[in-house]
Amino acid sequence: MDPMTKMFVADIHHFVAAHDLELVHFAKGQRKDDVTQRFLAGFTAEEGVLYVGRAQEKAGVWRTQRRYNPATGGSYAWLVRSSALINHFYFYCLDADFGPFFIKFGTYFPYTAKLCVNGNEWAKRQAARAGIGFQALDNGFAACDDVDRLQAICDTLGPEHIDALLRKWLKILPSPFTGEDEAVGYRYRVSILQAEFSLTQMLDRPVAGRVFFEQVIRDNLDIGRPDQVGLVFDRRVITRGPRRTPGTFRTRVITDGVTPSLHVDYKHAKVKQYHKQGRALRTETTINDTRDFGLPKRLTSLPPLRQLGFTANRRLLGVQRISHNPVRGAEAFTAVTAPIVRAGRERIPGLRFGDPRVHALLQALLVHRLLPRGFTNRELRTLIAPLLGQRVEDITAGKMTYDLRRLREHGLIQRIPKTHRYRVTDTGLQHALFLTHAHDHLLRAGLAELTDPDPPIPSQLRSAARTYQQAFDDLTARSGLAA
Amino acid sequence: MKPHIGTDAGALYGRQPDAFAEVRAGQGSAAGAAVGGEQQIVGAKLEVLDVPGDRIDELGGDPEAAGLVVLRALASGCWPCGGLSDRSPVVTLPRTVADVLSDHVVFEVECIDRMYLNVWMPRLAAVGWPGSSSAIGATGTPPPH
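Chains as they are written, first to last, in this note's numbering: chain Y, 102 to 584; chain U, 4 to 148.
The reader is advised that the hints may include incorrect statements.
Unchecked claim - Some, not all, of what chain Y presents toward chain U, calculated at C-beta under 10 Å:
#1 Cys255
#2 Pro397
#3 Leu400
#4 Val428
Quick caveat, the hints were computed from the structure, so don't treat them as lab data. C-beta: ideal position from N, C-alpha, C; glycine also.
Please put together the full structure from these sequences, using the hints given.
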């Protein structure tokens, strides 16, 4: 097969030269996506080859063995399956229908190739053709004029589209097999190695989305247990005996930078959930072996696999429980602590959590709530001064007016009509009580327990912190020894 | 025992206890039981809580019921807000993420994402000897003589 291999590699080099392409030698660990983005940024045609890459990778190959007939003693060649580190050529292309994709060929008999496409990129191009306005979010959608039509487009992506893409580009790119080979039956076939099915849910409040997802993680650390996984995939999970379901049942929280993601496994399949680019909740089911679900690997299994994947996404959301809606809490906190800006100019400062003056005001509200006729600027000043360790005359009426405005604009107090008196609102009381408790009883007390070198009484928090510190130091020491 | 405002609280408010509406006699003992005889709210000590008249209106108009609502609320560490119906015990059961999420999703899209496919030659995928009739041969093909 050596002549065939040499001819194929020579064809690739001729193709690179003829199309004035760059041949990139991928280093070990180099992110190919980053290289592709660079080429993509400078590519202006509707479709074509962006560049060709070469990398050495392990692959399944055929090798010949000399064997002997036991009866006659005659030798013969025998093909056996093996693996080897061989050269692969990546063709990174842009297709008018599919957008960016790549196909990589192994340069060793039997010249198996891999094709990688993205359905979201395909949907983007189809949506643009159909005249649907949208805003992209990485490989998804951040906004869309007609979501129903977009979803209808996404639903139509099927095996025939992918097969057509492959046939089209096999004719364009160098191939180890000639037209004559194909005529006698040497025709590539496509099977599914890995398929991801995504559900992207664009959230109304981007920042709160992260808070929401972090709460989801906290409340669902047991989602990877066999009983839960069985519900997600609608499969019976057997945990004991000779017919136990293979695979590891676990919940993993993987943090990339500051972005956490939740991972759940079932056999070779995975469900991953994360907050995508700070704007959307993304739930993805990845099927790595179609046989886990009793389906053959061929491309025609895509429709039933799609059904499985999308159902698993929905089921995960249906199985996951959340103890409360953290978005509400985040909004309420921001509403009090963030400044209010009106008409782009008027700025009312927020009531910053941790600011002594703010907490003095909140404490004062708790007292004033009980007054049926409300309170005045002077009465508030009288109460605030000792809380701040100052004399009443040191706090001017102007300062109090400033604080009263902050409290009023943030909805914690309201003015009693036709008077100079103020009254604490229900919201004001709730917020003042909770923030005061959190600040005085939780944070201040907790930090005192942690930092006091000689605490008057034993503290569970302090003991736990010291145990954790000790365990961390032990680990560090062990790592140092191992190194 | 007639309820009254504690002296510390009175001093703190700068008002006389009678500035507040009285709560019916008899609730004092309930108050004592509910709040352990003394409730501290940010430095103001209230031996027993009086419910102002307008607050009674806000809490449904019935002073006795309002008093009990206040006592319950104090026992749990918060002041009641809104009418009586709002203060009924709330049992928070965990809800599904899908339920909570439905209030915050602007739109959603389901789509096939990344697909990684094997492109292979079926006729070159079996073990055997090179001269067999199926191009490369199939498992079990007898060795040549």
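(request) Please verify that hint: Y:Cys255, Cβ, nearest Cβ of chain U, below 10 Å or not. (result) 4 Å, holds
(message) Hint validation: Y:Val428 versus chain U, beta carbon distance must be below 10 Å. Holds or violated?
(response) Since the shortest Cβ distance to chain U is 6 Å, the answer is holds.
(request) With a cut-off of 10 Å on the beta carbons, see whether Y:Leu400 makes it to chain U. (result) Because about 7 Å separates Y:Leu400 from the closest Cβ in chain U, which is inside the 10 Å limit, the hint holds.
(message) Given a cut of 10 Å on the nearest C-beta pair, is the interface hint for Y:Pro397 held or broken against chain U?
(response) Violated, about 13 Å.
Hint 2 alone, counting from the list given before, is not met by this structure.
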